[in-house]
Every structure is written in C-alpha cells, then in structure tokens.
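Asks: Throw the hints in and build the complete structure from the sequences for me.
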Amino acid sequence: MGRFVVLIEFKEFSSWMNEHKRIERSFDDCSRCIDSSRLAKHNIIAVGINTYLAVVEWDGLDDEHLIIVPTQHCSSSIQLDENVWDEMRLWRKGLVALWKEQNRDCIFFEMSRHVDSNPHVYIECVPLEQEIGEMSPIYFKKAINECEGEYMDNKKLIETKDLRRQIPKGFSYFAVDFGLSNGYAHVIESHDHFPATFATEIIAGMLDLPPKKWRKRETDEMSKQKSRAETFKQLWEPYDWTKRLKNSEATSSAGSSSSSSSKR
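Residue numbers for the sequence shown follow full-length UniProt numbering, so the first one is 1 and each next one is one higher.
Certain hints may be false.
Said to hold, decoys possible - With a cut-off of at most 25 Å between alpha-carbon atoms, the simulated BS3-like pairs for lysine-lysine come out as follows: (1) Lys-224 / Lys-212; (2) Lys-161 / Lys-100; (3) Lys-216 / Lys-142; (4) Lys-233 / Lys-243; (5) Lys-93 / Lys-41; (6) Lys-169 / Lys-141; (7) Lys-213 / Lys-142; (8) Lys-156 / Lys-169; (9) Lys-41 / Lys-224; (10) Lys-233 / Lys-141; (11) Lys-161 / Lys-141; (12) Lys-169 / Lys-155; (13) Lys-93 / Lys-233; (14) Lys-233 / Lys-41; (15) Lys-243 / Lys-41; (16) Lys-233 / Lys-246; (17) Lys-41 / Lys-246; (18) Lys-161 / Lys-93; (19) Lys-226 / Lys-216; (20) Lys-100 / Lys-141; (21) Lys-93 / Lys-216; (22) Lys-93 / Lys-243; (23) Lys-233 / Lys-213; (24) Lys-161 / Lys-142; (25) Lys-212 / Lys-226; (26) Lys-100 / Lys-243; (27) Lys-246 / Lys-226; (28) Lys-141 / Lys-155; (29) Lys-216 / Lys-41; (30) Lys-156 / Lys-142; (31) Lys-41 / Lys-213; (32) Lys-213 / Lys-224; (33) Lys-213 / Lys-141; (34) Lys-155 / Lys-142; (35) Lys-226 / Lys-41; (36) Lys-142 / Lys-212; (37) Lys-246 / Lys-224.
It should be emphasised that the hints constitute simulated quantities derived from the structure, not laboratory data.
Replies: Rendered as structure tokens:
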C-alpha cells in the first residue's frame, strides 16, 4: 500500500514538473515580456511601471494600430493584479484623449484564446473615424450574437461593466470596449468556430479594407515598423503620463541626495 501511494505521489510530482517546465518554456519563448531577447524594442512607445505601449509589428488596420502590454507574463486581463489593470486604463485614457484631438474614436479589444497554453495578453487599440466609431457597437453586437452556432453553455453576449468580475478565470474569451465606454465580451467555447481574426475582420469590414489586412499577420519591414513608432512617439508626447513618473523619481532622488549631504 505504501509503495502504491508513493507511486501516485511521484506521478503527480512528475506531472507538476512537466507543467512547470512547459510554462517556463513559454516565458523563454515569449516576444512580449519586457526582458525577453525576442521583444521588438524598436516598436515601444513608452514604458510604465508594469505595462508598456507599442505599435504593432505587422501591417495593422491603421498606422496608429497599437498594443498595451503588461511587462510580466500573464495570459489574460482577468488574471492581472489590480494595479496592473489600473495602469492599462491610463494608456487607454491617454489614447482616447489623443485621438479625440484628431476627431477620431477608437476601439480596444482583447482576444484571450487558448489560455491553457499560457499566451502573453495584450490589448489592441485601433483608431476610427467618429462616424464609424459610433456604429461599431452595433457591428460587434450583431457579430457576437451570430457567432459559434446556436447551442452554447454560456450567454453569447455579455455587456461588460467590470470584465474582471464577469468572466471566470481560466476561460478563453473575447472582449471589446468602445473608447472609455462599457463594451461586450464573449466566452469562447469552441476555438474552431471563433477565429483569432474575429475583431480585425469586423473592423476591416467597417473600414472597407482588403482581406490581406486581417487574414494573416505577417511581420512588416523593420524600416516601416521604426517609422510608425517614431511618428507616434511625437504624437504621444503631450499625453505621456510616464514622464510624470520619471520626473517624480528624479525629484525623489534629488531630495534623498540633498538630505544625505546635509547630514554629513
């Protein structure tokens, strides 16, 4: 009996170790973690305490197609710590203000698929002309209500007020917000019937863009990536809340140095 128990415990330990190694490999291979050698640092616009803003490395739906990314590995927004989630909201507020100055609206969306494979979460940000932005909730509501067939265990369309309390942890899902307003979410039950291109296909349709804009995300030429990043950095500068952090740190450091000198 004792040997049987030990054998079970050994199998459980081996299973745990294999899972631990699989997760570690996903960290090592991740192109979104801030310390990763695979991160496209030339695309980064600014870095906060726990998150960063970057232009996408593919030919996006707009030259200002961006992503908001946590610096540390996490597979979905609903698993983020509260302070990280709050920081991601700061990026959104700044982007809404920037695009409002351009007389544009915007959409934020997250495609959290195959969470069991431990992907790195990011939120995509796409600016739209105001008249298109005003219609976007109608397009997404219709598309979500028509997705994944007739029979589902979960409600198809979730009107989100607090996404992190409305979707259970460990579930795959899609979520979209319209500017700073509430949005919609959908629990993904069948990945075969809910494509990764769900949101980009809808937006491309609204913008009357060709299929190549959403069907396959191929890494764009380095020169084009760098050009988009440099152009947006200039646009972002007046809204860059991370500069206040740096100024605060510099002031704090100067104060500490002054205090130390006076004690000598």
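Asks: Evaluate each hint against the coordinates.
Replies: Going down the list of hints, with the structure as the test:
no.	hint	verdict
1	Lys-224 / Lys-212	17 Å, holds
2	Lys-161 / Lys-100	23 Å, holds
3	Lys-216 / Lys-142	24 Å, holds
4	Lys-233 / Lys-243	13 Å, holds
5	Lys-93 / Lys-41	23 Å, holds
6	Lys-169 / Lys-141	23 Å, holds
7	Lys-213 / Lys-142	22 Å, holds
8	Lys-156 / Lys-169	17 Å, holds
9	Lys-41 / Lys-224	14 Å, holds
10	Lys-233 / Lys-141	33 Å, violated
11	Lys-161 / Lys-141	15 Å, holds
12	Lys-169 / Lys-155	16 Å, holds
13	Lys-93 / Lys-233	16 Å, holds
14	Lys-233 / Lys-41	13 Å, holds
15	Lys-243 / Lys-41	18 Å, holds
16	Lys-233 / Lys-246	17 Å, holds
17	Lys-41 / Lys-246	19 Å, holds
18	Lys-161 / Lys-93	17 Å, holds
19	Lys-226 / Lys-216	21 Å, holds
20	Lys-100 / Lys-141	24 Å, holds
21	Lys-93 / Lys-216	29 Å, violated
22	Lys-93 / Lys-243	15 Å, holds
23	Lys-233 / Lys-213	23 Å, holds
24	Lys-161 / Lys-142	19 Å, holds
25	Lys-212 / Lys-226	21 Å, holds
26	Lys-100 / Lys-243	21 Å, holds
27	Lys-246 / Lys-226	24 Å, holds
28	Lys-141 / Lys-155	13 Å, holds
29	Lys-216 / Lys-41	22 Å, holds
30	Lys-156 / Lys-142	11 Å, holds
31	Lys-41 / Lys-213	23 Å, holds
32	Lys-213 / Lys-224	15 Å, holds
33	Lys-213 / Lys-141	22 Å, holds
34	Lys-155 / Lys-142	14 Å, holds
35	Lys-226 / Lys-41	10 Å, holds
36	Lys-142 / Lys-212	23 Å, holds
37	Lys-246 / Lys-224	29 Å, violated
Comparing the model with each numbered hint stated earlier shows that hints 10, 21 and 37 do not hold.
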